[in-house]
Every structure is written in structure tokens, then in C-alpha cells.
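Here is how the chains run, residue by residue.
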Amino acid sequence: MKKKYGSSVLDISFRIITPFTLIYGVYVYLNGEISPGGGFQAGALLAVGVVLARLIMGAENKIYNVSGRSAVILAGVGTFIYALTGWVTMLRGGKFLDYGFLPFAIGSHGGHMWPALHATGILFIELGVTLCVMMTIIDILDVVVERTDIE
Amino acid sequence: MQNLIIEAALLLFLIGTTVSVIVLKDLLSATFVYCAFSYCAVLLYLMMGSPDVAFTEAVIGVVSTIYFVVALKKLDRWCK
Amino acid sequence: MRVLATIILFIVTSVFCLNVTDLPVIGDPDSAPNSHVTPHYIEFSEEDTGSPNIVTGVLADYRGFDTLWETTVMFIAGLTAVIILSKNREERFLKKKKGDKK
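Residue numbers (this note's numbering), protein chains in the order written: chain Z, 1 to 151; chain F, 1001 to 1080; chain B, 2001 to 2102.
Simulated from the structure, these hints should not be mistaken for lab results.
Built from N, CA and C at the ideal position, the CB exists for glycine as well.
It is possible that part of the hints are untrue.
Computed list of chain F residues with no C-beta within reach of chain Z, every gap over 10 Å [stated by the list, open to error]:
(1) I1006
(2) E1007
(3) L1012
Distance condition first, Cα-Cα at most 20 Å in a straight line; then the derived PhoX-like pairs of lysine-lysine [claimed, not checked]:
(4) F:K1074 x F:K1025
(5) F:K1074 x B:K2097
(6) B:K2098 x F:K1073
(7) B:K2087 x B:K2097
(8) F:K1025 x F:K1073
(9) B:K2098 x B:K2087
Where chain B lies over chain Z, by a calculated footprint (3+ residues, C-beta under 8 Å) [as the list claims (entries may be wrong)]:
(10) 53 to 66
(11) 87 to 93
Construct all of the structure, not just a fragment, from the sequences and the given hints.
Take a look at the structure:
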């Protein structure tokens, strides 16, 4: 898995499939409130994109790659973003994860403040879940590959 | 009626794939039969009207197949 | 032993199959889980949470605390795999041992 396979069919399909998968993952994350989807699915899709790039281009490709060490850190950062959203609402006088007390809102639901604030909170915690799931999947694959690659 | 027939066929296919995953001696083909099991479950979830769960199952089916194939590099392909 | 296992499996499977007939029909509005809090979610989730998808609203807003610990469990599972399977620590340990011998 460290070297690339070097087949022309794989190389060309890689150029089409991987960017499509990554963009579809971002779409599922941003559109999760309206259509089926959400943080977990978006994270798994993004991870599948990176894993495909690793399988086809080898572990040392420079285009779509996350190194093992930064994957562990970013998984923790994702969980921290989730908890931070809860702490911000607590510091402003609400309960834990009470999105009505967030300091700002992205977008407006027809001038109503309450649903806009809640949608913003959901967007932030989904970002945390997406990061955590994506990096955890890459993490486990990285460790298993490290174990199974016998020189 | 049509829905019931399709659902019954899918459930039978589900049982068949599950049994063959246990019985098969070739671990690589057992992995791909497990992948077929996961897509069968996706169709069943869609028929029950829960697209969110079906989406998750589809993505996780792909990820777990990749894990199994990578782990098979270290194991023997044939199970005794 | 195989015969005993087969008999036990057969009994358990038949008990499950007998109980399936007592389950409510899918989408039955009068069943127990559909009559307690589900009507409230269906009616008010869009103005409460601002998301048209009820599943996202329930997972991320009404049950946000559960999802937080679910994410933490995922993170801990990945961390455990890294700690147990990582080659780095093992190599460092082996190097230390070799250095002692020399």
C-alpha cells in the first residue's frame, strides 16, 4: 500500500471519483438539515475519498492525504468543537447545548431569531461530528496498514 | 402486494448471504458476500422508509469492506 | 455439542418468530412509540430547531447531549486502536533494549 499500483485505468478513474466523493461529502454535511444525511454520513464519505486516494496513489501521495499523527489530533479537535458549542451557550447564561443563547446566527429564517440560532448551532456540532468520524476512520485504516505492510 | 413480494425476496437473500458468510472457506469471497449483505440491508431500510439509516449503512458497508480487505493481507486467504 | 447448539438455536429462533406477530405494523399511528412524544416532534420540530429534516432536529437538538457522548465514544475507539496497534512505541522499546545490550 505504500507504493502506487500504476495502472492507467485506476489512475484515470481516480481523477474523476475522488474529487466527486469529497465534494459530495461536503454537500451532505451542508445539506444535512434539508435532505437525508448529516455529520456521520458526511464524515464517512470524506474518509472514503481520502482512503480511495491512499489505496490508488499510495500512502505518500501529496494531493489528498492526512498524515496519521494529524488525524489523531484532528479527531480530538472535532470532539472539542462539539463540546465548545455547549460551553459557549453555558457561558452566555443558557443550559448546556441550549442553542438559543448562541452569540450570532448564520442566515435568517424569515426574520425569526430562534430557529436561525438553532440552525447555526446544529451546523457547528455537525462540523465537530464530521471531523471526528472522518479522522477516526482514517486513523484506524492508517494503523492497520502500518501493521500489515511487511517489507 | 408487490412490496411484500420484493421484501420477502430481499429477506431470503439476506438469510442466504448471512449463512454463506459463515460457511465459506475463502475469506476474500466471504468479505465480498458481506458487502452484498450490507447492500441488501440498505434496500430493506429504504423500503421501511428510513433513508438516513440506509445512507449510513451504505457508507459503512464500503468502509468495512476496505478494512477487511486490508486486514486480509496479513492473514491467510483460506480458512482451515 | 453441535447437536445441543443446534437445538438451542432452533428454540431461540422459534421464540423470536412467534413474537414477531405481536409487533405493531410499520407506520401504525396508534402504536406505543408513535403516541408519546412523536406527535410533538412532528408538529413543532421545524419552528423549534430550524431544520426541516426531523431526524437531524431530534439527533442534534432535542438529543444533543446523547450525540456528544456518541462522538466521544467514536473518538475513544479510534484512540484505543492507535494506542494498541501503533508500531511506533514498539520500535522505540526495541531500540532501547538493543542499546542496553550494546
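Quick rundown of the hints versus the structure:
F:I1006, annotated as away from the interface, keeps every beta carbon of chain Z farther than 10 Å; the closest lies near 21 Å. The non-interface label for F:E1007 is consistent with chain Z: the shortest C-beta to C-beta separation is roughly 20 Å, beyond 10 Å. The claim that F:L1012 lies off the interface holds: its Cβ sits roughly 27 Å from the closest Cβ of chain Z, which is beyond the 10 Å cut-off. Proximity of F:K1074 to F:K1025 is assessed by CA-CA distance (about 17 Å); at most 20 Å being required, the pair is judged to hold.
Restraint check for F:K1074 and B:K2097: the C-alpha separation of about 27 Å exceeds 20 Å, so the hint is violated. The straight-line distance between the Cα atoms of B:K2098 and F:K1073 is roughly 29 Å, outside the 20 Å bound, and the hint therefore fails. Only pairs whose Cα atoms come within 20 Å are accepted, and B:K2087 paired with B:K2097 is accepted, the gap being roughly 16 Å. Between F:K1025 and F:K1073 the CA atoms are separated by roughly 16 Å; this keeps the pair inside 20 Å, and the hint holds.
For the suggested pair B:K2098 and B:K2087, the alpha carbons sit about 17 Å apart, so the restraint of at most 20 Å is met. Counting residues of the stretch 53 to 66 of chain Z whose CB lies closer than 8 Å to any CB of chain B gives 0, so the stated coverage by that chain is violated, three being the minimum. Chain B is given as covering the stretch 87 to 93 of chain Z, and this is violated because 0 residues of the stretch bring a CB closer than 8 Å to a CB of that chain, at least three being needed.
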